[in-house]
Amino acid sequence: MYHLYHGEPNTLSLKVLMVLHETESAFESHWLDFSNPETWCAEPFSRSKHWNLGVEIGSPLLVDGALMVSDSTFIGYYIDERSQSPRLLPQDAYGRWQVSQWARFSAEVLTTAVHTLGCAKVAASTRQLETLRDACLALPQQEQRQQWRALIENEYPEDLLKDCERRICLAVERVDTALTNATWLAGATLSLADIDMFTGLRAARYLSGSAFDESRTPHLNDWWQRMQARPSLSAALAYSKTKKPELAFAPGPENSRWG
Amino acid sequence: MLALAEKGVGFDSHYLDLLNFDQHAPEYLAINRNGTIPAMVHGERVLVESTAIMEYVDAEFQGPELTPAEPGERWKMRWWMKYIDQYFAPSVSMIGWSVFVGPSVRARDPEDLNAAIERIPLPERRIAWRKAIYNTFSEQELAESRRRSIAGTLALERALSQSLWLAGAEYSLADINGFNLGYALPLSLPDIANDDNTPHLMQWLRRIYARPATQATWAMGRTSIANRIDYLSKE
Chain A
1 MYHLYHGEPN
11 TLSLKVLMVL
21 HETESAFESH
31 WLDFSNPETW
41 CAEPFSRSKH
51 WNLGVEIGSP
61 LLVDGALMVS
71 DSTFIGYYID
81 ERSQSPRLLP
91 QDAYGRWQVS
101 QWARFSAEVL
111 TTAVHTLGCA
121 KVAASTRQLE
131 TLRDACLALP
141 QQEQRQQWRA
151 LIENEYPEDL
161 LKDCERRICL
171 AVERVDTALT
181 NATWLAGATL
191 SLADIDMFTG
201 LRAARYLSGS
211 AFDESRTPHL
221 NDWWQRMQAR
231 PSLSAALAYS
241 KTKKPELAFA
251 PGPENSRWG
Chain B
1001 MLALAEKGVG
1011 FDSHYLDLLN
1021 FDQHAPEYLA
1031 INRNGTIPAM
1041 VHGERVLVES
1051 TAIMEYVDAE
1061 FQGPELTPAE
1071 PGERWKMRWW
1081 MKYIDQYFAP
1091 SVSMIGWSVF
1101 VGPSVRARDP
1111 EDLNAAIERI
1121 PLPERRIAWR
1131 KAIYNTFSEQ
1141 ELAESRRRSI
1151 AGTLALERAL
1161 SQSLWLAGAE
1171 YSLADINGFN
1181 LGYALPLSLP
1191 DIANDDNTPH
1201 LMQWLRRIYA
1211 RPATQATWAM
1221 GRTSIANRID
1231 YLSKE
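Quick mapping for you: the protein sequence lines, in order, are chains A and B. The numbers in the numbering used here rise by one with no breaks, and the one at position 137 of the first sequence is 137. If you count the second sequence from 1, you need to add 1000 to reach the numbering used here.
Same shape as in the complex, but just chain B (with noise of 0.2 Å):
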């Protein structure tokens, strides 16, 4: 959304309900079989994946170039994004599964979380699903986690003190991509991610918060998770 919001390309918005589980629902399953968010349909064409989608959508459409113009720019936007995708963001969310994911879902009725659970497409999301419902998680996957999710913000922190933005002087993907996992940081990660301990992290995303694009993506959140970045506005 962001960065179709970014190149200024209207689009048809249909909310899915992660927690009730209408990413796995027949109708939703028809168009991606499976059953993982985002999608996105353009003409006859079926996208998924957000990284993916979101080169898609530079690639495709007019507006703001969000990919840089120099190979090497371009090969450190790719690797940022992959670091975010593959190792930050399953740690980072591992956390936030235990803590919120889990505890909002566990309450319902144990049969009907069963057969919700037994609806998901992929094993692989099954087994992510039912450690987050029934939180398996050992105390050792947890400390794991929390130590990749402190060395991720590290990193952010060591590439933003070097260059404007991830990929360089432009704002990329890149940023995009982090922004989503990073507006997260400081809030979980209180006493690691702050003004005195990454300054320039905290400066990168209250850069990318004050854009007009992020400002209106924003604004289409429907629970409370967007009003917890109002921190961003406040110096």
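Extracted from the complex, chain A is given alone in its bound form (with noise of 0.2 Å):
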């Protein structure tokens, strides 16, 4: 059996959290506070050098008896493969192409956005940000540290935060122009893309609401009813313990350094 630590179910945990119940596999849950560094800190995450080196600062971790596999968008493609009926991956290879278009998309210009604005507007003034800078030293990445300093410190850029907000605004435009003559974003039925698509979306409708205006998204507004209603989100979303998932934000992947 998989044991998940995760955080609240929202971005990159609710990601991995979908595709467990979409794929049925068993799984034990670890809820923790990942909005504390001293957590990254801790068992199991500083056994994992995968975890600390990996681009995406932040991510849940899946562990599976010796194996400790980080990356949510990675995470996803290994519970597929290694499940009875695996459905969330296309059979063929072009649409497997398609959901690494869209992960590297995902990685790069909306998971970064959302987790940067997600920091400012939210976690900057929900937390006691000077308890945590201790823990911050403590981390073993420059990386992190440097993430999780800019939260304490609440450096983030005005230019910086209207380009996150660009690129919330291209993201969703990109999926209404995808879903024109399809259903999903990946192949003839839900894929990986659908659900690392959503999860992003889905938190950055609560940072940047303008992004989304229904009257000009027809074919995103048909897709995301559809993805709402998922018992795999339900059953995800149930995993919270503040109750306010949507309100959960953590440091997570850099934005580009250059271009």
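Keep in mind that a hint or two might mislead.
Unchecked claim - Over the 12 Å line for every Cβ pair with chain A, so calculated as not near, a few chain B residues:
| id | residue |
| --- | --- |
| 1 | Val1048 |
| 2 | Ala1115 |
| 3 | Glu1118 |
| 4 | Glu1139 |
| 5 | Ala1213 |
| 6 | Gly1221 |
What the hints assert, rightly or not - Now the stretches of chain A that chain B is said to cover, found in silico as 3 or more residues with beta-carbon under 8 Å:
| id | region |
| --- | --- |
| 7 | 7-13 |
| 8 | 40-54 |
| 9 | 58-72 |
| 10 | 95-109 |
If you're looking for bench data, these hints aren't it; they were derived computationally from the structure. Computed from a predicted structure; not experimentally measured. A virtual CB, placed ideally from N, CA and C, is assigned to each residue, including glycine.
Assemble the dimeric complex from its two separately framed chains, guided by the hints.
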């Protein structure tokens, strides 16, 4: 049985929880406070070099026997490929290429924007940030410390926040366009691409409501309703301990350093 | 190209000169509107982004498997490709662009250059080209890129001291991906990437360079960059 170490069901943790439920995979949930860097320094994260070095800073962690699997998107691939009846990865090469494309777009453009805005607009005003300073210094990787320091100092320049808003608008537009002649983002059925983009956009909707103008996104609206109705979403949201998972943000993947 | 060569898949090559901005010319934008390279046309399909194209090539065509069968090794392959694409490569290439790409094109007519930059479709790429051409990387940015390049080099060395290839016992897409960045490390970071300091990395580079697919692909190079890799044929 898998052990999933996750935070509140929002963004990256929500993605993996939905995948586990869509594939009907047995797992034990270990809810942790991801909004405290002490969690990041403790077991099991301290034992996973891939978790600490990984591009997806603040990823949930799936433990399968001796293997520690990190990066929410690749946890999804792993779970689906290990499941008795894989269903979230298209069987054909082109469908898989589409999933790959969405995964990279989500990781580089949307997820980074969501975590930045979430920290700036929500986490920065709801935590006693000064109390996190010592734990931040104990983080093993400089990239992790930089992301936490930005939150503690509330150092999010206005032009960065504007660019994050732009990227969320871009993601909304791209999903709507992709769904013009398709029911799902990659292939004929629900895939990891839909879960990837939906969990990012769901968090974005709380942060940048103006990016979501339903009158301009008829295709996205229909897909959104179908995603909202997935039993895997309600099952995943039930792991919330705060009962406000949409307000749970912690430092995450870095914004691109240049171009 | 390396993935196609490993699989033994024939293809028509359309060479683009990056420094001549061929990738932003209308005829190429008609194929890939983002103006990024490479792009691969297969029947009606247009595929972009090298890592995703490699996965497509491996899944679509007959030939040696370049993706491990075991899910844990598959995960490791994907983890390494993302680490290389999104952490390691941007830092190594920032240094490369500041010392190579920028100076190579900066001497051209400023108005022509500006017009060429304005034709770049993606705003992120316009910013990247401007910074490279006019060398506006700060000392701090370059120092951070050097730090990350060293961290990535040592991460590769550690991984290759534990298994023959990045994902495990078999050669995979992660090794192809890593080689395209890794071959430059002994040239750009000679004090870090060398036989004394990173012996497993150096042996790995030599093993990949000796593969027939790599030899055949490198023979298609048209610039002096292709010759700079000859050091890998020597022990």
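Check the non-interface label on glycine 1221 of chain B: least C-beta distance to chain A beyond 12 Å or not.
Glycine 1221 of chain B clear of chain A: closest Cβ-Cβ about 25 Å, beyond 12 Å.
Could you let me know if the closest chain A CB is still more than 12 Å away from the CB of alanine 1213 of chain B?
At about 20 Å from chain A, alanine 1213 of chain B clears the 12 Å cut-off, so the statement holds.
Is the nearest CB of chain A more than 12 Å from the CB of glutamate 1139 of chain B?
14 Å, holds
Non-interface claim for glutamate 1118 of chain B versus chain A (Cβ beyond 12 Å):
15 Å, holds
Just double-check alanine 1115 of chain B for me: nearest Cβ-Cβ distance to chain A has to come out over 12 Å.
Non-interface label on alanine 1115 of chain B holds, nearest chain A Cβ at 19 Å vs cutoff 12 Å.
Report holds or violated for chain B covering the region 58-72 of chain A, Cβ cut-off 8 Å, minimum 3 residues.
Since 5 is at least three, the answer is holds.
Verdict on chain B covering the region 7-13 of chain A, criterion of 3 CB contacts below 8 Å
Violated, because only 0 residues of the region 7-13 of chain A bring their Cβ atoms closer than 8 Å to Cβ atoms of chain B.
Examine the region 40-54 of chain A for residues whose CB is less than 8 Å from any CB of chain B, and state whether their number is three or more.
holds (count 3)
Taking C-beta pairs only, is valine 1048 of chain B more than 12 Å away from all of chain A?
Valine 1048 of chain B is in fact no farther than 12 Å from some Cβ atom of chain A, at 8 Å.
8 Å C-beta criterion, at least three residues: is the region 95-109 of chain A covered by chain B
holds (count 7)
Hint check: violations occur at hints 1 and 7; the rest are consistent with the structure.
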